[in-house]
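Undergrad: Sequence:
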Amino acid sequence: MKSTLLYNTFIVLIACTMFACKTAPEIEGFDAKQWKDDPMGCKNQRAKLFPMLEKNKDKFIKVESGQILKLLGRPDRNELYKRTQRYYVYFVGAGSQCEGVKGNYGKILRIRFDALQRVSEVITN
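Start counting the sequence shown at 2; every next residue gets the next number (my numbering).
Simulated from the structure, these hints should not be mistaken for laboratory data.
Remember, predicted model here, so these are calculated numbers, not experimental data.
Any given hint might turn out to be false.
Unchecked claim - Label-pair ranges, simulated between beta-carbon atoms:
{"id": "1", "residue 1": "ARG75", "residue 2": "ALA116", "range": "20 to 28 Å"}
{"id": "2", "residue 1": "GLN118", "residue 2": "THR5", "range": "30 to 38 Å"}
{"id": "3", "residue 1": "GLY101", "residue 2": "GLN35", "range": "42 to 50 Å"}
{"id": "4", "residue 1": "THR24", "residue 2": "GLY104", "range": "36 to 44 Å"}
{"id": "5", "residue 1": "LYS83", "residue 2": "ASP38", "range": "16 to 24 Å"}
{"id": "6", "residue 1": "ALA116", "residue 2": "GLU29", "range": "28 to 36 Å"}
{"id": "7", "residue 1": "GLU27", "residue 2": "ARG84", "range": "49 to 57 Å"}
{"id": "8", "residue 1": "ASN57", "residue 2": "LYS103", "range": "28 to 36 Å"}
{"id": "9", "residue 1": "GLU29", "residue 2": "LYS83", "range": "32 to 40 Å"}
{"id": "10", "residue 1": "ASP32", "residue 2": "SER66", "range": "27 to 35 Å"}
{"id": "11", "residue 1": "GLN86", "residue 2": "THR5", "range": "35 to 43 Å"}
{"id": "12", "residue 1": "PRO40", "residue 2": "THR85", "range": "21 to 29 Å"}
{"id": "13", "residue 1": "ALA33", "residue 2": "SER4", "range": "23 to 31 Å"}
{"id": "14", "residue 1": "LYS34", "residue 2": "LYS60", "range": "16 to 24 Å"}
Unchecked claim - Pairs of lysine-lysine, DSSO-like flavour, derived with a Cα cap of 30 Å:
{"id": "15", "residue 1": "LYS37", "residue 2": "LYS49"}
{"id": "16", "residue 1": "LYS108", "residue 2": "LYS63"}
{"id": "17", "residue 1": "LYS103", "residue 2": "LYS56"}
{"id": "18", "residue 1": "LYS34", "residue 2": "LYS71"}
{"id": "19", "residue 1": "LYS44", "residue 2": "LYS83"}
Each residue gets a CB set at the ideal place from its N, CA and C atoms; glycine is no exception.
From just these sequences and the hints, can you work out the full model?
TA: Shown next, in the form of structure tokens:
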């Protein structure tokens with residue numbers, strides 16, 4: 002009887018874990034390799050792909066940080082905030098970041114994560 006209860010509990014936990022995870026969004030026509038091959042957005046390859054991301058930004062909500070890393074690669078900047086929140090920052094277009102100077106950055110994609118490391122907001126500017 003105990004083993005049956007443990008087995009059932011284990012199955013329920015596995016099922017909950019599987020359904021709680023949200024995979025990376027499918028964005029038709031988006032070339033992840035091309036995005037990743039343009040660190041800091043200095044080659045302006047990201048600028049060509051950005052409209053697709055902007056149009057589908059609602060698909061990112063509740064996606065885990067690991068899935069974002071698979072889709073977009075390592076962020077250009079990682080910003081930490083209060084209450085274990087953080088932002089992944091991706092530079093989209095060429096700007097002063099390409100010369101290593103602060104100030105007049107190009108277009109930026111900022112992805113905010115909650116304490117559970119799920120996307121809570123996507124900011125484009």
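Undergrad: With reference to the structure, classify each hint as holding or not holding.
TA: Hint by hint, here is what the structure shows:
no. : hint                       : result
1   : ARG75 - ALA116: 20 to 28 Å : holds (21 Å)
2   : GLN118 - THR5: 30 to 38 Å  : holds (34 Å)
3   : GLY101 - GLN35: 42 to 50 Å : violated (24 Å)
4   : THR24 - GLY104: 36 to 44 Å : holds (37 Å)
5   : LYS83 - ASP38: 16 to 24 Å  : violated (34 Å)
6   : ALA116 - GLU29: 28 to 36 Å : holds (32 Å)
7   : GLU27 - ARG84: 49 to 57 Å  : violated (31 Å)
8   : ASN57 - LYS103: 28 to 36 Å : holds (30 Å)
9   : GLU29 - LYS83: 32 to 40 Å  : holds (37 Å)
10  : ASP32 - SER66: 27 to 35 Å  : violated (21 Å)
11  : GLN86 - THR5: 35 to 43 Å   : holds (42 Å)
12  : PRO40 - THR85: 21 to 29 Å  : holds (26 Å)
13  : ALA33 - SER4: 23 to 31 Å   : violated (45 Å)
14  : LYS34 - LYS60: 16 to 24 Å  : holds (19 Å)
15  : LYS37 - LYS49              : holds (13 Å)
16  : LYS108 - LYS63             : holds (24 Å)
17  : LYS103 - LYS56             : holds (28 Å)
18  : LYS34 - LYS71              : holds (10 Å)
19  : LYS44 - LYS83              : violated (33 Å)
Hint compliance for this structure: hints 3, 5, 7, 10, 13 and 19 are not met, and every other hint is.
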